[in-house]
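Peer 1: Chain A is already provided as a structure; the job is to place chain B on it using the hints.
There are 2 protein chains.
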Amino acid sequence: MNFSPVGNKLLQDAVEQLSSLPGIGKKSALRFALYLLKQPVENVERFGNSIVSMRREIKYCTECNMISDGPKCSVCADQRRDHRTICVVESLRDVLSIEATGEYRGVYHVLGGVISPMDGIGPADLPIDALCRRVEGARVDEVILALSTGMEGETTSFYLYKVLSPMNVKITTIARGVAFGDDLEYTDQLTLGKSIANRQIFSPEI
Amino acid sequence: MNFSPVGNKLLQDAVEQLSSLPGIGKKSALRFALYLLKQPVENVERFGNSIVSMRREIKYCTECNMISDGPKCSVCADQRRDHRTICVVESLRDVLSIEATGEYRGVYHVLGGVISPMDGIGPADLPIDALCRRVEGARVDEVILALSTGMEGETTSFYLYKVLSPMNVKITTIARGVAFGDDLEYTDQLTLGKSIANRQIFSPEI
Chain A
0 MNFSPVGNKL LQDAVEQLSS LPGIGKKSAL RFALYLLKQP VENVERFGNS
50 IVSMRREIKY CTECNMISDG PKCSVCADQR RDHRTICVVE SLRDVLSIEA
100 TGEYRGVYHV LGGVISPMDG IGPADLPIDA LCRRVEGARV DEVILALSTG
150 MEGETTSFYL YKVLSPMNVK ITTIARGVAF GDDLEYTDQL TLGKSIANRQ
200 IFSPEI
Chain B
0 MNFSPVGNKL LQDAVEQLSS LPGIGKKSAL RFALYLLKQP VENVERFGNS
50 IVSMRREIKY CTECNMISDG PKCSVCADQR RDHRTICVVE SLRDVLSIEA
100 TGEYRGVYHV LGGVISPMDG IGPADLPIDA LCRRVEGARV DEVILALSTG
150 MEGETTSFYL YKVLSPMNVK ITTIARGVAF GDDLEYTDQL TLGKSIANRQ
200 IFSPEI
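For the record, the sequence lines run as chains A and B.
Read in numbering that gives the first Met the number 0, the first sequence has 198 at position 199, and its numbers run on one by one without any break.
Read in numbering that gives the first Met the number 0, the second sequence has 102 at position 103, and its numbers run on one by one without any break.
So that you can see chain A by itself, here it is in the shape it has in the complex (with noise of 0.2 Å):
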């Protein structure tokens, strides 16, 4: 949409940050534009400042590398959390998705990416130094990789498995296979394999 017969430089400068949100174009930033214009003073200003005071204010947890208020996340503070168990993610998304399940009462620790030649990220890039000190340094029993599947992924995966396997430390990877309520006949080919390779022995529960 060309906003030029009727350019107003003020819409126009709000839309084109607005359209660099993820997945955001011009037609649903101007949507947001004309929305927000429609709301009270105070609200924009309450909106604009939470977005820019996060940015700034935002700090990163010196154990596991979440985003944090404090020095330390509330993961990493909770005592009440089996601290000898972390599992390795690439970001805070697989943190809320993970804690959403409630099945995990351990630590984690973000990568906040994978290791990526074509991007130039390398090892040295991501915290894995810091996740070696918390390894040799306090007492942990495991260590989970839940990173994607992907190339990137695995390499990543791979890279750290290489790096934490002299520490004696048990190295344990999130069990992949036919999701619950999925139908096999749609499954890809890879997923059933690897399903019916790593079967497990069969506990009904009620």
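Among the hints, a few may not be true.
Since the list can't tell identical chains apart, any single copy or any two copies may satisfy a pair.
To be verified - The list that follows gives simulated cross-link-like pairs (lysine-lysine, DSS-like), each with its CA atoms no further than 25 Å apart:
#1 Lys161 with Lys193
#2 Lys26 with Lys8
#3 Lys8 with Lys71
#4 Lys25 with Lys58
For the record, the hints were derived by calculation from the structure and aren't laboratory data.
A quick note: this is a predicted structure, and the numbers were derived from the prediction, not measured.
Peer 2: For chain B alone, kept in the frame of chain A given last:
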């Protein structure tokens, strides 16, 4: 998604604010927030400021009620446009859509809404008086009603018709019919019926 386990106040605030945008849920808002967290501080400040200053500083054209940088919008200020034809639309978005066609050289009148008793919006809440003053004051030949065809849009069109008809001005409405490229088979009955009733002389264009 529940944030509480990794409750980060700053992130939570920003996600809440971003999810207030139309059509954006918590999940997309989180995606936006994590994206913004990865951007340089200056960029995020520019993002926030552009939105807040848009809301604070934007003006409305004293003539046609369109948003504007100054007292007159760029359409009303443009002397090459036909000021004797006024197209009445509901919102700026309609103006942008019509401008994008390049078919219209007249000016606009942006109502900013339609008469909607359910939402407590009466004729007095819309700049209809201003439209009447424009028609009475200047030499206006034609008023084009380009409002939506829903109940409220039609009520508003009818109200405008009643108010404007004593004023010796031609009142028209945009043509409705089967869209170019549409199959008759899939066109709704009302549109197809009207498009036959309002058929036009065939004029072959090369």
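Peer 1: Which of the listed hints are not met by the structure?
Peer 2: none
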